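Given the coordinates of chain A, work out where chain B should sit on it, guided by the hints.
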Amino acid sequence: MTDKSWFDEEVDKLKKDETSFTNRALLEHTKCLIREQDKRIQQLQDELDGRTWSPDKW
Amino acid sequence: MKTLVIIAHPKYDNSMTQGFLKSCQKDIDSVDWLVLNREYPSYNFDVIKEQERLSKYERIVFQFPLYWYSAPAILKQYEDDVLTRAFTYKNEDGVLNGKELGIVTTLGEPIYHYHDGHNEAFTIDELMKPYHALAHKAGMKFLPVFSISQFNYLTEHEKVSLLVKYRNYLTNSHLNSFKSKQLWYIEQLQLIRQNLKDSKKNSMDMLIDQLQNNYDKLDELNWELSMIKKEEDE
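These protein sequence lines map, in sequence, to chains A and B. Take the first sequence: its letters are residues 1 to 58, numbered as in full-length UniProt numbering. Take the second sequence: its letters are residues 1 to 234, numbered as in full-length UniProt numbering.
Treat the hints with caution; some may be incorrect.
If you anchor each label on the Cβ, the simulated ranges turn out as follows [as the list claims (entries may be wrong)]:
{"id": "1", "chain 1": "A", "residue 1": "THR52", "chain 2": "B", "residue 2": "GLY98", "range": "40 to 46 Å"}
{"id": "2", "chain 1": "B", "residue 1": "LYS56", "chain 2": "A", "residue 2": "LEU48", "range": "44 to 50 Å"}
{"id": "3", "chain 1": "A", "residue 1": "ASP46", "chain 2": "B", "residue 2": "LEU191", "range": "32 to 38 Å"}
{"id": "4", "chain 1": "A", "residue 1": "TRP53", "chain 2": "B", "residue 2": "ARG53", "range": "55 to 61 Å"}
Stretch by stretch, here's where chain A covers chain B in the computed footprint (C-beta under 8 Å, at least three residues) [what the hints assert, rightly or not]:
{"id": "5", "segment": "183-189"}
{"id": "6", "segment": "210-221"}
Straight-line Cα separation of at most 25 Å, SDA-like style, residue types lysine to any residue; simulated pairs [as the list claims (entries may be wrong)]:
{"id": "7", "chain 1": "B", "residue 1": "LYS179", "chain 2": "A", "residue 2": "ASP38"}
{"id": "8", "chain 1": "B", "residue 1": "LYS230", "chain 2": "A", "residue 2": "SER54"}
{"id": "9", "chain 1": "A", "residue 1": "LYS31", "chain 2": "B", "residue 2": "HIS157"}
{"id": "10", "chain 1": "A", "residue 1": "LYS31", "chain 2": "B", "residue 2": "VAL160"}
{"id": "11", "chain 1": "B", "residue 1": "LYS165", "chain 2": "B", "residue 2": "TYR215"}
{"id": "12", "chain 1": "A", "residue 1": "LYS13", "chain 2": "B", "residue 2": "LYS165"}
{"id": "13", "chain 1": "B", "residue 1": "LYS2", "chain 2": "B", "residue 2": "ASN172"}
{"id": "14", "chain 1": "B", "residue 1": "LYS56", "chain 2": "B", "residue 2": "GLU100"}
{"id": "15", "chain 1": "B", "residue 1": "LYS129", "chain 2": "B", "residue 2": "SER149"}
{"id": "16", "chain 1": "A", "residue 1": "LYS39", "chain 2": "B", "residue 2": "LYS179"}
{"id": "17", "chain 1": "A", "residue 1": "LYS39", "chain 2": "B", "residue 2": "SER173"}
{"id": "18", "chain 1": "B", "residue 1": "LYS22", "chain 2": "A", "residue 2": "THR22"}
Hints are computed from structural coordinates only; laboratory data are not their basis. Model, not experiment: these values are computed from the prediction. A virtual CB, placed ideally from N, CA and C, is assigned to each residue, including glycine.
With the rest of the complex left out, here is chain A (with noise of 0.2 Å):
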């Protein structure tokens, strides 16, 4: 998993000396795509999880 705080300052450390909105933009909307991706990287562990340990396997 990311870690979150990691990544949002290296966002905001790019941001502070980014002139172009659009830049700043697509910066800060990064922070949001990695929350996504992170989200589904448990469900879908959490989902193979509950796969593999289902009881109609024993």
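Leaving out everything else, chain B in the frame of chain A:
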């Protein structure tokens, strides 16, 4: 992929929303704009020129404010004149076959008004059906409608979000896929990286690596899951 945005707006030069949307993508080489009200103020379309123009793009986007549940009149006249039968019908070798048609519409009312039982009674998807029918007739893939509601009331944060989603709508080649969305973001960050100072490039590389690692992880998990599901089916 090349995108053409065709705008119908009688007051285009005074529209803050259109100005914002233009600024969102002015740096993208693969997107071109045609403002119908500027190019053809008296509605006398150069049909051959416009048909040739359309044939050069893979994604065509009609962009307009919603006037009486439809586009401003100039877009209808454009359709009537430029989209001739031989040029458009899929079953008569029309040249639009295989392209995509998108709609960007701006609304003066809150988006939640466009629902069954609410103030406007119909959804935006229902109101946009004539464009869906046109796409169907032409053999085009109809993209999800992109609605922008009450632009003037958006907060700074909401405008940031709008900018990213709008750029994605114009330039992401597979709009309905999360996989493609991730690759699109990575591509956007790589473009920003090109103009960074050397000292900043390292930070950007780390962010891109993290996104790429997560992308690979998701891909791997999806593959494992599909294998398990396949086994379960057998």
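Satisfaction of hint between SER149/B and LYS129/B, Cα-Cα up to 25 Å
Holds, at roughly 19 Å.
Can you confirm whether the C-alpha distance between LYS230/B and SER54/A stays at or below 25 Å?
Holds - the C-alpha atoms of SER54/A and LYS230/B are around 15 Å apart, at most 25 Å.
Go ahead and decide if the range 44 to 50 Å is satisfied by the Cβ distance of LYS56/B to LEU48/A.
About 46 Å separates the Cβ atoms of LYS56/B and LEU48/A, which means 44 to 50 Å holds.
Range first: 55 to 61 Å. Now tell me if the beta carbons of TRP53/A and ARG53/B are that far apart.
Holds - the Cβ-Cβ distance for TRP53/A and ARG53/B, about 58 Å, lies within 55 to 61 Å.
Given as covered by chain A, does the segment 183-189 of chain B meet the bar of three residues or more with CB within less than 8 Å?
Satisfied; 3 residues make the cut.
Within 8 Å of chain A's CB atoms, at least three CB atoms from the segment 210-221 of chain B: coverage verdict:
holds (count 7)
Restraint status (C-alpha distance of LYS56/B to GLU100/B at most 25 Å)
12 Å, holds
Tell me if the straight-line CA distance from LYS31/A to VAL160/B falls inside 25 Å.
With Cα atoms ~12 Å apart, LYS31/A and VAL160/B stay inside 25 Å; holds.
Within a Cα-Cα threshold of 25 Å, do LYS39/A and SER173/B meet the stated pairing?
24 Å, holds
Mind checking the alpha carbons of LYS31/A and HIS157/B for me, to see if they're no more than 25 Å apart?
13 Å, holds
Are the Cα positions of LYS165/B and TYR215/B separated by 25 Å at most?
20 Å, holds
Distance restraint hint 40 to 46 Å, applied to the beta-carbon atoms of THR52/A and GLY98/B
42 Å, holds
Of the hints listed earlier, there is not a single one the structure fails to meet.
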